[in-house]
Amino acid sequence: MDVVLEADRLGKRYGRTWALRDCSVHLPAGRIAALVGPNGAGKSTLLHLAVGLLKPDAGAVRVFGRSPYGDTEGLADIGFVAQDTPLYRDFTAAELVIAGGKLNRRWDAGLARNRLAQLGIPPDRPVGKLSGGQRAQVALALALAKRPRLLLLDEPVASLDPLARREFLQSLMGSVADAGTTVLLSSHLLADLERICDYLIVLNAAQVQLADSADDLVAGHRQLIGPRHDGGPIGGVAAIVRASHTDRQSTLLVRTDGPVTDPAWTVREVGLEDVILAYLADGSTQTSHDEWGVPA
Amino acid sequence: MIWLTWRQHRKQAFFTLLGFAALAALMVPIGLSMRHSYADLGLAECVRQLNDPNVAGATREACEAGFHRFTNRYGSLNLVAVLLLTLPVLVGLFWGAPLVAREVEHGTHRFVWTQGVGRTRWALVKFGLVGAGALLAAVCYGLGMSWWVDPLTQSAREGRLGMIVFDLQGVVPIGYTLFAVALGIFAGTVWKRMLPAMGITLAAFIGVRAAVAILARPHYQPAETLTFPIDGTSEPRMERGDWILSQGIRDAGGTMVAPDTRIMCPPGGRGPTGQVCGAELGLKPGAYNWQLYQPADRFWLFQGIETGIFVALAALLLYLALGRIRRIA
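Protein chains in written order, with this note's numbering: chain A, 613 to 908; chain B, 263 to 591.
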């Protein structure tokens with residue numbers, strides 16, 4: 613299994629706050645991976661470290677086996693679309709395609725032009741005057757024209773309306789499917805990711821909570837409903853991710869390591885979104901309580 | 263990269279050209295008229311004659327009168343010259359400060375620095391091209407100003423070493439302009455927003471320029487002193503254009519008794535009430551005029567030193583900016 617992106621105890625600090633800490637992730641080749649987490653979880657930081665914009669303060673990150681910070685050669689293999697899809701707003705889409713050609717040794721201008729033509733984006737209007745969805749499409753077309761082996765997208769759909777969001781993700785899927793490009797896109801919009809992603813990395817409070825293929829995640833988690841649970845072991849359950857209790861009944865989201873056969877429990881399958889939410893809710897809030905001086 | 267730089271900065275280049283054209287349209291007629299009057303009053307000839315130690319008293323008076331007329335007519339243009347001093351810092355504000363700050367403010371640095379050229383190369387090409395543009399503008403400005411301000415300088419007693427006129431002509435505008443651009447770029451890498459970067463650039467430019475002009479420039483070379491008695495037929499020949507740093511009257515012991523003045527009485531002259539020369543200032547016999555000055559022929563040496571200082575500062579700032587750019591994400 614080829615590993616495209618590999619982080620080993622990776623950390624990045626801004627002042628005294630760790631934006632990312634002890635992050636160890638492997639992203640296998642050919643996956644469409646989602647980087648999920650609430651705002652401020654460290655998603656952008658991880659992506660910036662991967663594309664070499666940031667220098668790690670601890671640990672290491674390698675993309676195609678190379679350390680990306682200060683590595684100009686390695687940039688050719690990475691397509692990156694930053695948050696809010698920044699582009700020179702006074703440039704027209706056609707000029708941006710030319711600019712990309714001047715800035716990259718490997719550049720498929722035809723691909724970019726074809727995509728933009730198909731999407732009906734005017735070539736001669738400044739991109740600042742395009743709609744948010746169109747601008748995101750221009751940014752994606754520019755990233756794809758590099759013919760990258762790894763495509764990193766930072767919140768590409770966050771500012772788009774639902775329709776534009778779906779169109780963007782569809783066109784993204786269409787273009788990376790045949791090229792075999794590995795994609796890592798960050799988002800906090802879970803519903804969209806469930807449809808397109810086959811790998812998941814969950815970040816919360818600067819740390820990796822979960823990293824696995826989507827199928828394994830769905831297969832490996834179950835919801836159990838049964839009598840009030842006091843924390844004792846249950847057959848087939850590896851760990852309880854989240855528990856909520858009423859007086860007489862407990863609802864547990866668990867990671868399984870075998871079939872749950874205990875008849876006291878009603879076993880239900882879970883969706884990817886439930887699993888993600890369970891892990892996000894599990895994130896530590898202890899520091900916040902300490903800082904506010906209130907008991908947790 | 264060159265295409266991109268041109269595409270991003272062509273608007274600024276266009277407006278700079280437009281500004282130059284407007285300035286030329288205003289200044290060239292004034293300059294021509296000044297030169298015309300200068301020639302009509304025969305002042306070029308005067309400058310040559312006054313440098314002759316044996317010049318006749320009548321010629322001297324006639325020439326001084328000519329200079330006086332010229333200064334009366336065009337002296338107010340010195341205020342315009344002060345305004346022209348601000349042009350280099352404008353280049354720093356509108357070319358230098360946005361270079362990095364605008365990219366970061368709009369987030370486009372994340373686009374351009376993740377393309378195939380690294381950000382170091384991006385920065386070097388940008389610094390080089392914008393620097394070359396600024397250099398070209400500064401050379402044009404320096405030449406134009408030297409031509410324009412020359413009659414004003416010639417007719418002013420302190421000459422081209424004087425404050426303000428020294429800063430306008432020769433090669434120093436090149437140093438100032440490059441420094442302003444480098445300062446703008448550096449401020450942009452520190453504050454990363456256009457307006458604060460421009461504000462800081464303006465403040466720092468004024469501060470550094472004033473500090474160098476007031477504190478450092480008089481000491482580029484050891485100043486020379488000139489002493490002469492308070493009674494005599496004529497002042498010792500002073501080269502026109504010497505830059506007088508300070509002057510006054512000292513007593514026989516060398517103590518300054520009347521700063522910022524000089525007097526000259528005919529030998530043995532007495533005042534209306536019969537007092538001796540300088541008695542109303544409380545001078546005792548043995549007092550003499552004293553002045554500290556930089557000779558006029560040091561003009562190009564001083565220009566060279568001042569330009570060197572600002573070019574070195576510019577290089578240092580660009581080096582620091584490069585280091586900071588590597589750490590912006």
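Hints are supplied without guarantee of correctness; some may be wrong.
[To be verified] With a straight-line Cα cutoff of 20 Å, these simulated SDA-like cross-link-like pairs (lysine to any residue) come out:
| hint | chain 1 | residue 1 | chain 2 | residue 2 |
| --- | --- | --- | --- | --- |
| 1 | B | K546 | B | G515 |
| 2 | B | K454 | A | G627 |
| 3 | A | K741 | A | R777 |
| 4 | B | K454 | A | Y626 |
| 5 | A | K741 | B | T370 |
| 6 | A | K714 | A | P738 |
| 7 | B | K546 | B | Y581 |
| 8 | A | K741 | B | K454 |
| 9 | A | K667 | A | K714 |
| 10 | A | K714 | B | T267 |
| 11 | A | K741 | B | V452 |
| 12 | B | K273 | B | H368 |
| 13 | A | K714 | B | T370 |
| 14 | A | K667 | B | A591 |
| 15 | A | K714 | A | T684 |
| 16 | A | K667 | B | I590 |
| 17 | A | K714 | B | Q509 |
| 18 | A | K667 | B | T382 |
| 19 | A | K667 | B | F389 |
| 20 | A | K667 | B | G516 |
| 21 | B | K273 | A | D696 |
| 22 | B | K454 | B | D513 |
| 23 | B | K273 | A | A706 |
| 24 | A | K714 | B | V452 |
| 25 | A | K667 | B | T370 |
| 26 | B | K546 | B | D513 |
| 27 | A | K741 | B | R364 |
| 28 | B | K273 | B | G378 |
| 29 | A | K714 | A | N726 |
| 30 | B | K454 | B | G369 |
| 31 | B | K273 | A | T704 |
| 32 | A | K714 | B | L391 |
| 33 | A | K667 | B | F276 |
| 34 | A | K741 | A | T684 |
| 35 | B | K273 | A | D702 |
| 36 | B | K546 | B | Q509 |
| 37 | A | K741 | B | A591 |
| 38 | B | K546 | B | P491 |
| 39 | A | K714 | B | R272 |
No lab work stands behind these hints: they were computed from the structure.
Restraint check for K667(A) with K714(A), where alpha carbons must lie at most 20 Å apart: violated (26 Å)
Proposed proximity, D696(A) with K273(B) (alpha carbon, max 20 Å): violated (25 Å)
Pair hint outcome, K741(A) versus A591(B) [Cα-Cα no greater than 20 Å]: violated (26 Å)
20 Å Cα cutoff - pair K454(B), Y626(A): Between K454(B) and Y626(A) the Cα gap is close to 16 Å, so the pair holds against 20 Å.
K273(B) paired with T704(A) [C-alpha distance capped at 20 Å]: Within the cut-off at roughly 15 Å; holds.
Pair hint K714(A) and R272(B), alpha-carbon separation not exceeding 20 Å: holds (17 Å)
Agreement of K667(A) and I590(B) with the hint, judged by alpha carbon distance not exceeding 20 Å: Since the Cα atoms of K667(A) and I590(B) sit roughly 10 Å apart, the hinted pair holds (cutoff 20 Å).
Restraint check for K714(A) with T370(B), where alpha carbons must lie at most 20 Å apart: This hinted pair holds, its Cα atoms lying about 16 Å apart.
Agreement of K667(A) and T370(B) with the hint, judged by alpha carbon distance not exceeding 20 Å: holds (19 Å)
Given pair status - F276(B), K667(A), alpha carbons within 20 Å: Distance of about 38 Å is beyond 20 Å: violated.
Pairwise hint evaluation, N726(A) against K714(A), where the allowed Cα distance is 20 Å at most: holds (19 Å)
Holds or violated: K741(A) to R364(B), with C-alpha atoms at most 20 Å apart: holds (18 Å)
The structure shown violates the earlier hints numbered 7, 8, 9, 11, 17, 19, 20, 21, 22, 24, 28, 33, 34 and 37.
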